[in-house]
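Spelled out from the first residue to the last, the chains are:
There are 2 protein chains.
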Amino acid sequence: MPRPLIALDWGTTRARAVLISEQGEVLERRSADQGIQSVPANGFPAAFEAIAGDLRRASPHAAIVLAGMVGSRNGWIEAHYVPCPASPDEIAAAGMKVMLADGTPATILPGLSCDEGAFDVMRGEETLIVGLGLDNGIACLPGTHSKWALIENGTITRFASFMTGEIYGLLRQHSILSRLAEEPTGKDAARGMAKGLAAASRPGGLLNTAFGARSEVLAGRLPGGAVGPYLSALLVGHEIAGARALLGQSDTVHLVADGALADSYEAALAAAGLATQVTTPEAAFVSGVRRLASGISV
Amino acid sequence: MPRPLIALDWGTTRARAVLISEQGEVLERRSADQGIQSVPANGFPAAFEAIAGDLRRASPHAAIVLAGMVGSRNGWIEAHYVPCPASPDEIAAAGMKVMLADGTPATILPGLSCDEGAFDVMRGEETLIVGLGLDNGIACLPGTHSKWALIENGTITRFASFMTGEIYGLLRQHSILSRLAEEPTGKDAARGMAKGLAAASRPGGLLNTAFGARSEVLAGRLPGGAVGPYLSALLVGHEIAGARALLGQSDTVHLVADGALADSYEAALAAAGLATQVTTPEAAFVSGVRRLASGISV
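Protein chains in written order, with the working numbering: chain A, 1 to 298; chain B, 299 to 596.
Just chain A, same shape as in the assembly (with noise of 0.2 Å):
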């Protein structure tokens, strides 16, 4: 019988909670800076009573289920990351039961690893991914620390990880790229893209064309607001190449993504002949959060 559900997304920096109806509905939601980061070793209980002891008050009978990097050794509890392949119900089952301050459980979800050559780990974005309801497909989620993963027979089969914003933001921050780098304008923007996406696959490399925006620049070839544009479709461009080449090929993509993210990715992988279907982070949360609470014995 579904009930009322809590859903927390606690990651390092921040904590989403939603409360999603019996028929999947968000209700409410809420978000706070309060990452594990800043909670003490003993303060997740009341941490939790912070972000989203309101939405208990308004469903006492709620099922309550935390994801992402509260289930880390830094977190509430350490939630083992379960193997790849991994199914909805696997991934469920090794929830970790924790206890609100009033002596209601909650239950944390476990992360995934993959072991494939090179060890690779996610925490959190395996719920977003149960929740694209995949029988078979490739789903990439954007971000500081991208992740690419294969979905066969409903199972999580294996994963990648690629450093594509983190690397954007060194760049374009603190590179030597920074000081030659202006605010876009559009015209700007989609000239850099352009050049990017041609550049993320020319033989001497991402070294050598990271820095050739310096050159262009130099030359009077490109213009400084074309470089932020330049740099993020020269990666994107490079996590396409090496996703593919990890997890095979697929026509189409389900990306997980929305706003500029969403935009900027969907042009790269349609520059790469690769449809895409795009779901919204808060959708696949709901949705992953749903399937797997499904799957808790309470």
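What the hints contain is simulated information worked out from the structure, not anything from laboratory work. The C-beta atom is built at its ideal place from N, Cα and C for all residues, glycine as well. What you were told as hints is all true, and nothing was included just to trick you.
Listed next, the stretches of chain A that the computed footprint assigns to chain B, with coverage defined by at least 3 CB atoms under 8 Å from CB atoms of chain B: (1) 117-124; (2) 154-164; (3) 169-179; (4) 199-207; (5) 211-222; (6) 235-247.
Position chain B against the provided structure of chain A, taking the given hints into account.
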């Protein structure tokens, strides 16, 4: 008739001066913090005097040649880039004359540009490449922005830059990996380097394998002391692969480096199946500036 030579490698943050005898022996060396960024627009004659005035008094009849960023737009005078292919005589002929405080002429060497779809430039490195005295071969000058050049029939036909050293610094000091990295012991360094070189040819590419350092440390598979050597070897491995793709294959790479940098590039080149001939930056500079000075009409 050969003359003694006062030669400066005058870069953005530092200046190095040498007094070279008619026979090519380095008689004196000076090093100063007075890079061009610390010299006011009309302050170059005075800065030269501060850096190398005593060398002039030691050898009043020496010819004077300046290489590096001193010939850039923000330097003493702009010596335009010579487009590749560029022979030593063409480089020498593009030198620009300036006057020291007492009216003595000095020559500022130009940089090189290369336009092979992507535009690229160098300034200062051309002198070291000329100094290798190669008829045919591939030169590698590692650094913050590594340069690779192809020499054919004594002419620099193509070159490419790689942001290797700068991206290493960003990852090592500002990324999520910086918190995991510890000072390497000898054993950690060897292990990290071997793992990084192996990772450089993994299909996921640089964005995936750089992140891999984090997962491997968290999984206890890589000691913190191996993170820096892993990243260094991973980046150098990508640089080598990119340079070979751009410049073609060669059994031997002429490496201009010394110390730990020379060691790590030699190891990475050996792992890629390449033999190395090492020349120190000073030896290459001295030889190159002598060769170019011989082509300058005074």
